[in-house]
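With these hints in hand, go ahead and build the complete structure from the sequences.
Note that the protein sequences, when read in sequence, are chains X and S. Each residue of the first sequence is one higher than the one before, starting from 1 at the first, in the UniProt record's numbering. Each residue of the second sequence is one higher than the one before, starting from 1 at the first, in the UniProt record's numbering.
Heads up, some of the hints might be wrong.
Copies of the same chain look alike in the list, so a pair counts if it works inside one copy or between any two.
Lysine-lysine pairs mimicking DSS-like chemistry, simulated, CA-CA at most 30 Å apart [stated by the list, open to error]:
1) 20 <-> 55
2) 91 <-> 55
3) 333 <-> 55
4) 364 <-> 27
Derived by calculation from the structure, the hints in this document are not laboratory data.
Number of protein chains: 2
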Amino acid sequence: MARLVMKFGGTSVANIERIKNVAQHVKREVDAGHQVAVVVSAMSGKTNELVGWCKDASRLYDNREYDTVVASGEQVTSGLLAIALQDIGYKARSWQGWQIPILTSDAHGSARIAGIDGKNLDEGFAHGEVAVISGFQGVHEATGRITTLGRGGSDTSAVAIAAAIKAERCDIYTDVDGVYTTDPRIVPKARRLDKVAFEEMLEMASLGAKVLQVRSVELAMVHNVRTYVRSSFDDPANPQAGTLICDEEEIVEQQIVTGIAYSKDEAQITLRRVADKPGVAAAIFVPLADANINVDMIIQVVSDDTTTTDITFTVPTADFERARAILESSRDKIAYQSLQGATDVVKVSAIGIGMRSHAGVAAKAFKALAEKGINIRAITTSEIKFSVLIDAAYTELAVRTLHSLYGLDRT
Amino acid sequence: MARLVMKFGGTSVANIERIKNVAQHVKREVDAGHQVAVVVSAMSGKTNELVGWCKDASRLYDNREYDTVVASGEQVTSGLLAIALQDIGYKARSWQGWQIPILTSDAHGSARIAGIDGKNLDEGFAHGEVAVISGFQGVHEATGRITTLGRGGSDTSAVAIAAAIKAERCDIYTDVDGVYTTDPRIVPKARRLDKVAFEEMLEMASLGAKVLQVRSVELAMVHNVRTYVRSSFDDPANPQAGTLICDEEEIVEQQIVTGIAYSKDEAQITLRRVADKPGVAAAIFVPLADANINVDMIIQVVSDDTTTTDITFTVPTADFERARAILESSRDKIAYQSLQGATDVVKVSAIGIGMRSHAGVAAKAFKALAEKGINIRAITTSEIKFSVLIDAAYTELAVRTLHSLYGLDRT
Numbered sequence: 001m002a003r004l005v006m007k008f009g010g011t012s013v014a015n016i017e018r019i020k021n022v023a024q025h026v027k028r029e030v031d032a033g034h035q036v037a038v039v040v041s042a043m044s045g046k047t048n049e050l051v052g053w054c055k056d057a058s059r060l061y062d063n064r065e066y067d068t069v070v071a072s073g074e075q076v077t078s079g080l081l082a083i084a085l086q087d088i089g090y091k092a093r094s095w096q097g098w099q100i101p102i103l104t105s106d107a108h109g110s111a112r113i114a115g116i117d118g119k120n121l122d123e124g125f126a127h128g129e130v131a132v133i134s135g136f137q138g139v140h141e142a143t144g145r146i147t148t149l150g151r152g153g154s155d156t157s158a159v160a161i162a163a164a165i166k167a168e169r170c171d172i173y174t175d176v177d178g179v180y181t182t183d184p185r186i187v188p189k190a191r192r193l194d195k196v197a198f199e200e201m202l203e204m205a206s207l208g209a210k211v212l213q214v215r216s217v218e219l220a221m222v223h224n225v226r227t228y229v230r231s232s233f234d235d236p237a238n239p240q241a242g243t244l245i246c247d248e249e250e251i252v253e254q255q256i257v258t259g260i261a262y263s264k265d266e267a268q269i270t271l272r273r274v275a276d277k278p279g280v281a282a283a284i285f286v287p288l289a290d291a292n293i294n295v296d297m298i299i300q301v302v303s304d305d306t307t308t309t310d311i312t313f314t315v316p317t318a319d320f321e322r323a324r325a326i327l328e329s330s331r332d333k334i335a336y337q338s339l340q341g342a343t344d345v346v347k348v349s350a351i352g353i354g355m356r357s358h359a360g361v362a363a364k365a366f367k368a369l370a371e372k373g374i375n376i377r378a379i380t381t382s383e384i385k386f387s388v389l390i391d392a393a394y395t396e397l398a399v400r401t402l403h404s405l406y407g408l409d410r411t
Numbered sequence: 001m002a003r004l005v006m007k008f009g010g011t012s013v014a015n016i017e018r019i020k021n022v023a024q025h026v027k028r029e030v031d032a033g034h035q036v037a038v039v040v041s042a043m044s045g046k047t048n049e050l051v052g053w054c055k056d057a058s059r060l061y062d063n064r065e066y067d068t069v070v071a072s073g074e075q076v077t078s079g080l081l082a083i084a085l086q087d088i089g090y091k092a093r094s095w096q097g098w099q100i101p102i103l104t105s106d107a108h109g110s111a112r113i114a115g116i117d118g119k120n121l122d123e124g125f126a127h128g129e130v131a132v133i134s135g136f137q138g139v140h141e142a143t144g145r146i147t148t149l150g151r152g153g154s155d156t157s158a159v160a161i162a163a164a165i166k167a168e169r170c171d172i173y174t175d176v177d178g179v180y181t182t183d184p185r186i187v188p189k190a191r192r193l194d195k196v197a198f199e200e201m202l203e204m205a206s207l208g209a210k211v212l213q214v215r216s217v218e219l220a221m222v223h224n225v226r227t228y229v230r231s232s233f234d235d236p237a238n239p240q241a242g243t244l245i246c247d248e249e250e251i252v253e254q255q256i257v258t259g260i261a262y263s264k265d266e267a268q269i270t271l272r273r274v275a276d277k278p279g280v281a282a283a284i285f286v287p288l289a290d291a292n293i294n295v296d297m298i299i300q301v302v303s304d305d306t307t308t309t310d311i312t313f314t315v316p317t318a319d320f321e322r323a324r325a326i327l328e329s330s331r332d333k334i335a336y337q338s339l340q341g342a343t344d345v346v347k348v349s350a351i352g353i354g355m356r357s358h359a360g361v362a363a364k365a366f367k368a369l370a371e372k373g374i375n376i377r378a379i380t381t382s383e384i385k386f387s388v389l390i391d392a393a394y395t396e397l398a399v400r401t402l403h404s405l406y407g408l409d410r411t
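This is the structure:
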């Protein structure tokens, strides 16, 4: 009897009717002989409402209390789905993070799972019960306080539970029917992928694809949890398989490029004529790191006068003003001539495990983009992806160009 | 340093603005040097919404899951109030029933408090923290599942916590400014009482006054918790004292009658010409008791033929149809001629500890009601109250008549 984790996000449990639809999906898997743990998010809109209340109560709200407030959203859904399952004749009980328990760090608001004790769940399975688990939440052992894993954390809950109960697979039900070669709203010819390797999915999630939380993919990779992304809006009696995220060895026909991602959450900062001397990079980047600002792409270009250099890098848009303020306050120490910033930029990336064994993949892209008159502001590459920073106005054109270039268009 | 419990109901925490107002009430008491435990209900409307969802998910919902769902309402409020208190510079933390813990029976949906361990709260007080406690909820020790105390249970939580932490008093903040001699909507001349004895309040709550939950008054009486009913809409800087519910020894000038209550939640059933033989009362009332139907007033009148008798009694309106069905199904066994029912009846009661030492209090009422042409369908009396069952159309007239008769009108 195989075990299965099924995870349903906010839009899939937005109201009672949809919760009853979720119960039908669960019914199918139980009828097929599976022991099922269901992980649920809050009804869509609920978490935002709860977060809004916390902000209204205090601009500087306590993250411990924030966690107590927002975790209530998942608590409601887990109870309601257990009721809906019982209503159609299946044994079910709800589990909160502290009841299982799902132990986490005490980093309230973005806690990390430290361990899951599967004993209580095992006992429920032995009694033929479906376990309906509140995603997104856990408990810190020493303080006994409710924690949450950060937005989208229910995906991480699902994968972690799958690992803890040794599930055969983890099905992430969402409002899309799988992982696509790129955003179908931009490229109508985008194709749904049958399989994606963990590492590719990790890059795609990191680089802008919103279908899964990055940490859930990391966890799936570490524990080798075969994870499907599939639609909760399929007919429960006859659903599509969706996209399997799995070890690359399972993927026989590997494309060179698997997908094109883009992220608008980038801002560019250029420091002109920075003195080209040892320690200058530290003077720039240590204060930013201290302020918890993630620096992504970094390019250093020697200026024409050869004694100074131009340094360009990107930060998340939300941190742009903070980063600028920090750099301006240490202007004397860094000794730069001017600071230029741009928020109307976008990072477009191509991802594919095939890049490991194929040279010149990125160069081909640079040429194609240049032919379309798209100026590349910065480039980063890694073993299985490359990214270019371009003007935001060219986002769609660049994505479509690369999508065609690597033969991803649906025929 | 005296300890204090402050309880705020749903309308007092209906939105963030009101929660901030509650924080001002708490601030006043902390500034006065008290160690404060605040007990909060769900934001008004929330519990009904959650209950509605449970009903929509299944007509026969599991009470254990119902408790999980509805307890989330208080969880939200406790977190938000803790944030609001921190926002104005006070240390505070929220406590859920399972965190304290408040141990209860496993009668989900209407659990009884079995014990409260005050150790965690003591520790918080030692750190100068305000304890913000979710009312209405607890946890069953053996199963670790969330329980709720039934509607209005937050009053009971507050009194039980006051007893557990040995609070000097328990202030129940509500949308009225105290306990009145009767419903001011019916009798504009109703007066607010400065003090009410526990036993009087218990009768008043049982007989229809909605200001406090019956079980909270029982608990206050047993543990001698001095309990104030007062308004959360008073100016937090300068509030009124409200009504003190206390031991009768604290009440110097005891009225004969303290208050007039009424309850529309009564239905009358009369069985005509029941065979007047041993065991007939059991034949009627045992099946009703087995069905968990509370029978209140019972009157037996011998019929004119002397071999049969008419039996009249009342049941809660909600149980009327069920009671009728049970009696009709055992018609042969009971052997009655006909069953007559009425739901347009009301029970009007006068309550006062002074009745113990004064004879003829009720008789005076029967005469006054007769003079107004009000027919009395049934009567019950106890040491400190009497109740009459009358046609609902006469409710206001009867309440006003008794209120004047016993000198309760404000002058």
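**OP:** Could you place residue 333 and residue 55 in one of the four classes (within, between, both, neither) given a Cα distance threshold of 30 Å?
**Re:** Answer is neither; intra-copy 37 Å and inter-copy 66 Å both fail.
Subject >> Up to 30 Å CA-CA - residue 55 versus residue 91, copy category >> reply: between (39 Å within a copy, 18 Å between copies)
Original post:
How would you label the pair residue 364, residue 27 (within, between, both, or neither) given a Cα cut-off of 30 Å?
Top reply: neither (49 Å within a copy, 67 Å between copies)
**OP:** With 30 Å as the alpha-carbon cut-off, assign the pair residue 20 and residue 55 to within, between, both or neither.
**Re:** between (32 Å within a copy, 13 Å between copies)
Checked against the numbered hints above, the structure breaks hints 3, 4 and satisfies the rest.
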